[in-house]
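> Take these sequences, add in the hints, and give me the full structure.
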Amino acid sequence: MTDPIVLAEGLHKSFGGTRALRGLDLGVPEGTVCGVLGPNGAGKTTAVRILATLSDPDAGRATIAGFDVVREAGRVRERIGLAGQFAAVDGQLTGRANLRLFGRLGHLSRGEARRRADDLLERFGLADAADRRVAGYSGGMRRRLDLIACLIQRPEVLFLDEPTTGLDPRGRLEIWDAVRELVADGTTVLLTTQYLDEADHLADDIAVVDQGRVIATGTPDELKATLGDTLDVVVEDPGGLRPAASVLHALAGTDPTMTGADRLTAPLPGGGFRLADIVRELDRAGVAVADVRLRRPSLDEVFLRLTDSKETVR
Amino acid sequence: MTTARPAPQRLRWTITDGLTLAGREIARLKAEPGQIVAALAFPVVMVVLFGYVFGSAIQVPGGGDYREYLMPGLFAMVSITAVQGVMTRMAADASQGVMDRFRSMPTARLAVPFGQTGADALVGLGLLAAMVGTGLIVGWQPHRGAAATAEAFLLIVLLRYAMSWVGVYLGLVVKDDQTAAQLVPLFLPITMLSNAFVPTDGMPAWLRLVADWNPLSAITAASRDLFGNPGARSAHPAWPMAHPVAAVLLWSVAALVVFVPLAARAQTRRGR
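Heads up: the sequence lines are chains A and B, in that order.
Take the first sequence: its position 110, counted from the start at 1, is 546 in my numbering, and no numbers get skipped.
Take the second sequence: its position 158, counted from the start at 1, is 189 in my numbering, and no numbers get skipped.
The calculated label-pair distances, taken between Cβ atoms and stated as ranges, are:
{"hint": "1", "chain 1": "A", "residue 1": "GLY575", "chain 2": "B", "residue 2": "VAL215", "range": "27 to 33 Å"}
{"hint": "2", "chain 1": "A", "residue 1": "GLY575", "chain 2": "B", "residue 2": "LEU240", "range": "51 to 57 Å"}
{"hint": "3", "chain 1": "B", "residue 1": "PHE218", "chain 2": "A", "residue 2": "ARG590", "range": "39 to 45 Å"}
{"hint": "4", "chain 1": "B", "residue 1": "ALA62", "chain 2": "A", "residue 2": "GLN647", "range": "41 to 47 Å"}
{"hint": "5", "chain 1": "B", "residue 1": "ARG296", "chain 2": "A", "residue 2": "GLY575", "range": "32 to 38 Å"}
{"hint": "6", "chain 1": "A", "residue 1": "THR655", "chain 2": "B", "residue 2": "PHE218", "range": "53 to 59 Å"}
Pulled from the structure, derived: some chain A residues nowhere near chain B, Cβ distances all over 10 Å:
{"hint": "7", "residue": "GLY453"}
{"hint": "8", "residue": "ASP461"}
{"hint": "9", "residue": "GLY477"}
{"hint": "10", "residue": "GLU548"}
{"hint": "11", "residue": "ARG559"}
{"hint": "12", "residue": "GLY561"}
{"hint": "13", "residue": "THR601"}
{"hint": "14", "residue": "PRO605"}
{"hint": "15", "residue": "ARG606"}
{"hint": "16", "residue": "THR655"}
{"hint": "17", "residue": "ASP668"}
{"hint": "18", "residue": "GLY675"}
{"hint": "19", "residue": "ARG710"}
{"hint": "20", "residue": "VAL728"}
{"hint": "21", "residue": "GLU737"}
Hints were generated in silico from the structure; no laboratory data involved.
Idealized CB from N, CA, C, for every residue including glycine.
Here it is as structure tokens:
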């Protein structure tokens with residue numbers, strides 16, 4: 437019944453001759469995490485900038501909690517938090533001073549800004565570093581501070597634009613934990629990412645964006661199910677790749693993808709394939725097989741399939 | 032335009048947020064005492080460099096001590112450094128995404144430039160005080176009484192404030208701290224192209240025209256007048272040199288009238 441808390445309808449945006457958005461539609465129900473997934477240049481950041489009132493769409497409209505991002509930008513800004521691709525904190529100040537600054541600028545009282553800063557530093561594991569200058573923080577700590585800086589005014593909707601880009605694996609895990617913590621509070625999160633495992637781990641729903649449009653939506657499992665099962669074949673000798681590829685092509689009706697020097701992957705639409713049949717066919721073609729596996733596809737494969745940029749073996 | 036808040040409330044938040052942001056600039060300075068030391072050492076270096084190194088070779092027109100002649104020029108220089116200081120800070124915030132964060136928050140839009148220029152005014156007062164102290168030590172002094180002296184300092188502070196808005200606009204246009212850093216060395220020639228350090232009489236006619244219309248020359252000439260320092264007017268002065276106080280007021284008002292709206296528009300514009 438209730439409208440999505442984040443709603444975008446037919447957003448268009450061009451920069452010079454580049455059409456960054458070509459009719460992007462998006463709806464995020466309250467209290468969920470939406471992963472906006474897409475390659476570089478797909479329009480993810482442009483969409484976030486419009487939703488966060490930093491940029492106006494050329495056409496289309498968007499609302500946050502029912503408020504129009506163009507006409508009622510002031511109301512929208514009271515309800516959102518934005519963590520962009522930079523750690524937009526002041527390196528010269530301490531972590532605590534940064535949070536108090538953003539608290540005050542978010543129009544909290546002096547006392548509340550102070551209390552809220554202390555709470556958040558404690559909760560997100562930055563209490564020990566709170567009184568050090570941010571310039572001395574690690575990349576992960578800086579991003580975490582950036583993330584909690586937009587929590588200080590208790591936003592209803594949080595926009596995270598590629599929150600883990602450029603972080604080491606440990607930093608990524610720290611950010612993931614922080615996002616899960618937020619979700620537990622009921623904050624609605626819209627996060628953009630190029631990393632499929634990130635969307636897989638964090639998002640309730642995924643919107644796959646390519647060339648300024650949403651080309652697929654669904655839960656991670658739904659998206660994976662659209663591809664049916666996936667077959668992995670590892671051959672013992674790279675010379676066996678070509679015959680193996682033609683066997684898979686004959687079976688599945690699609691070109692397999694080369695995923696390594698000695699391995700192939702093919703989607704098997706509709707299921708109904710028996711592993712034993714496949715092995716027998718490969719054997720008949722004289723392919724020495726090291727490993728054969730049937731499994732659910734990964735999001736990577738879904739993504740590549742959807743954006744149609746796979747490398748095929750001929 | 033885009034916000035639904037009534038005007039009085041908006042004004043209140045502009046002031047409150049502006050003070051918060053000015054406080055941030057002061058806190059940054061406090062966190063970096065080396066910067067303060069460097070900033071305060073600058074006047075001393077300038078006085079020694081120009082007053083003693085160059086001064087030994089320069090004749091003051093109409094006679095008089097070169098250091099008395101020089102100090103109004105250095106006060107004027109303090110006015111102009113506001114452009115680079117504020118430009119650098121605005122560009123740094125824009126390039127590091129801090130500006131976007133401000134813009135996505137309920138923070139009043141104009142609070143950012145007001146905070147920057149307000150903090151810069153305080154910094155300017157500190158610099159001016161250091162410059163005055165150094166001047167007094169090397170033998171400079173005002174000769175025309177408290178009222179004229181106060182008038183001179185007010186003009187210097189006014190021009191600096193007006194110039195800081197030029198810096199706001201440039202910083203918002205440049206949007207990149209590296210580009211801003213590359214622009215900074217350009218300010219020295221602009222400073223030199225004036226009557227601050229040498230009389231303009233000896234310059235080629237076209238260059239002299241430029242120098243005479245440099246706002247820096249106006250404030251220098253006005254302060255020389257009001258402090259009673261040497262540097263008599265030449266025979267056929269350009270208009271700003273004949274009416275330096277009016278010229279400073281004009282330059283300041285013109286800078287504010289042009290650059291405050293430009294800066295406000297650049298700050299509130301939503302495009303990219």
